[in-house]
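Work out the full structure: start from the sequences and follow the hints.
Order-wise, the sequence lines are chains W and B. All residue numbers for the first sequence refer to our numbering, where the first residue is 114 and numbers rise by one. All residue numbers for the second sequence refer to our numbering, where the first residue is 114 and numbers rise by one.
Be aware that one or more of the hints could be misleading.
No distinction is drawn between identical chains; accordingly, a pair holds when it is met within one copy or between any pair of copies.
[Said to hold, decoys possible] List time: in silico EDC-like cross-link candidates among lysine to aspartate or glutamate, alpha-carbon distance up to 16 Å:
id, residue 1, residue 2
1, K396, E449
2, K176, E135
3, K396, D407
4, K238, D215
I should point out that these hints are in silico values taken from the structure, not numbers from a laboratory.
Letter by letter, the chains look like this.
2 protein chains.
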Amino acid sequence: MATTPGAPALPAMFARYRDRVEQELFRSVPDGEDTALYTLLRYHLGWVDQQGHPQVNALSRGKALRPTLCMFACEALEGDLSWALPTAAALELIHNFSLIHDDIQDQDLERRHQPTVWSIWGMPKALVAGNALQCVGDAALLNISRLDVGPDTALKVSRLLTESYMDMIQGQCLDLAFESSTTIGTQDYLDMIARKTGALIRTGAEIGASLATQDPAALAAFSRFGDSLGRAFQIRDDYLGIWGDEATTGKPAGNDIRRRKKSYPVVFGLEQAEGRSREDLLKLYSQDELDDEDVYRVQTILEETGAREHTQLLAETSAKEALAALDGISLPSWAEDEAEALVDFLARREY
Amino acid sequence: MATTPGAPALPAMFARYRDRVEQELFRSVPDGEDTALYTLLRYHLGWVDQQGHPQVNALSRGKALRPTLCMFACEALEGDLSWALPTAAALELIHNFSLIHDDIQDQDLERRHQPTVWSIWGMPKALVAGNALQCVGDAALLNISRLDVGPDTALKVSRLLTESYMDMIQGQCLDLAFESSTTIGTQDYLDMIARKTGALIRTGAEIGASLATQDPAALAAFSRFGDSLGRAFQIRDDYLGIWGDEATTGKPAGNDIRRRKKSYPVVFGLEQAEGRSREDLLKLYSQDELDDEDVYRVQTILEETGAREHTQLLAETSAKEALAALDGISLPSWAEDEAEALVDFLARREY
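As structure tokens, this is what we get:
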């Protein structure tokens, strides 16, 4: 699939916070004496190659959505951005810890255009590296207590992050349970991703906001904003996992189907398909391996059920709901414009 | 090996704290709605069987050394025991998280006389369960902020635990690196276990003490106490891994040799062995599998180098160092007696 004309570019806020967030991340995972461990982490984060030599390759770094959102929420509510930095870094580190472990679980060989940590260093080291990154994330968060936010706020932020992390893990657990079930409905799926992907994204917005204000209306608005935005992000991700362009996404086309992943379009398709189509879909998803023709057949069935249009529509509806969540509170006009650019990007991005 | 006459029994302090610690643990891992995940955790902790039905089987529960030590340090310094409970629970949960992941890494099929989590539920679910337990541990620690210890103390404890957890992971990483090296010396090995096993044990004593007093001499004494005690514990563990009795330890005799684990006696043996013995030892440890005869040959070489006596001597010397660390501070006589019983148990236990 070629890039859609008018596909949105990465909104300006990503570039605005990038340097400060990266500095904070660099401090958390220093090029120190324990190179054996830290090289794995720095490699996964896209900063160095397998030998630990610096590499400049923007493609192998993530978008840093969670930290960006945390910084944005704080700035939009006129908070002190330096207060949001420790949480921003912690969110990115914890998110990346979950990716290292996800790659082990799914036996994925590539992420962000490069070999995964476990595929290079083996499962045991990748497992420990993931745990180390989670721990580095916890430590990054504790830097907040060095600022003058006060110990109560520091503890509150710590509690929000721990709860969110637990929510993420419960979501991962539901996701694993879904793998062996064919009776998952779209609502089950949406509940699962609200935890697995949504928790850290929502928490980024919540913590960023709570470092700037104690106004309950503003906090609730940013929580709902993060929630809907997380759904828009994941549903568009699911779309790209089936209909995305390999060169842009860094993943083979139809990748999610080949891995028999029960992403939103497939759950929707299983709900909607009837007769022969439904039988085929169930049969194909019970095979050990799917060849190109099988993947094409699944794509065709999904198109027939309207899964493609429906999935994209859900991403865009969720994006609109995210914006609507901010309606009731007063934000500077630059922040309103940027929120709009952000949700539009997340719902229509090509990568 | 039969039980040595006079092998020490579990000291009384374990029984004294057990119920309160278990209550705190039960609260942390409730039999809740997310049974799919929590059953794995409760099973690993020895509370329920694979179906989630309660089982009373003391053998499948751990000794709870870390929480016991935390409670003891707090009580010996006349602190409020209820303050030590959240940390005690967190230490036990984080320790058990590392065991679930260790079993995945080492592909171990049994722990504490029952099948390991990954061997029942598969690697992906065990990986997530481990992460969940770590998170439950973090959450358990945050309960301390509900007590009147004050937010500064709560944050300090949180920082100590995070640092200790990172130390443990760095130790695991060194341990993995050692697996592929034949040039590890006994000092490298002692540095590694001071982190991998020692960190959480030392931190238990440190945090327990710091919840009772701010006296730097007492804090330093309990830190050194925990450090030496952790070494005594691990070195005796290494002894039992080679010369322990299967029925008592719950692990096959010679288990560590069969798994080609470079535990202390082996590292010592490799340093000391010469000529044919050294060649045999290196050759056997480079084989993919070891049969009973191979295990016996390794045991014989180790005995020849004096590894058996030397290992036990180191465990007992470390135990004495632990006691000596408390010499300079004033403790109630019951606490002195119990410290003595504890170090004696750790250095000479049969399980």
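Status of the hints after comparison with the structure:
no.	hint	verdict
1	K396 with E449	neither (47 Å within a copy, 69 Å between copies)
2	K176 with E135	within (11 Å within a copy, 43 Å between copies)
3	K396 with D407	within (10 Å within a copy, 49 Å between copies)
4	K238 with D215	both (14 Å within a copy, 11 Å between copies)
Hint compliance for this structure: hint 1 is the single one not met.
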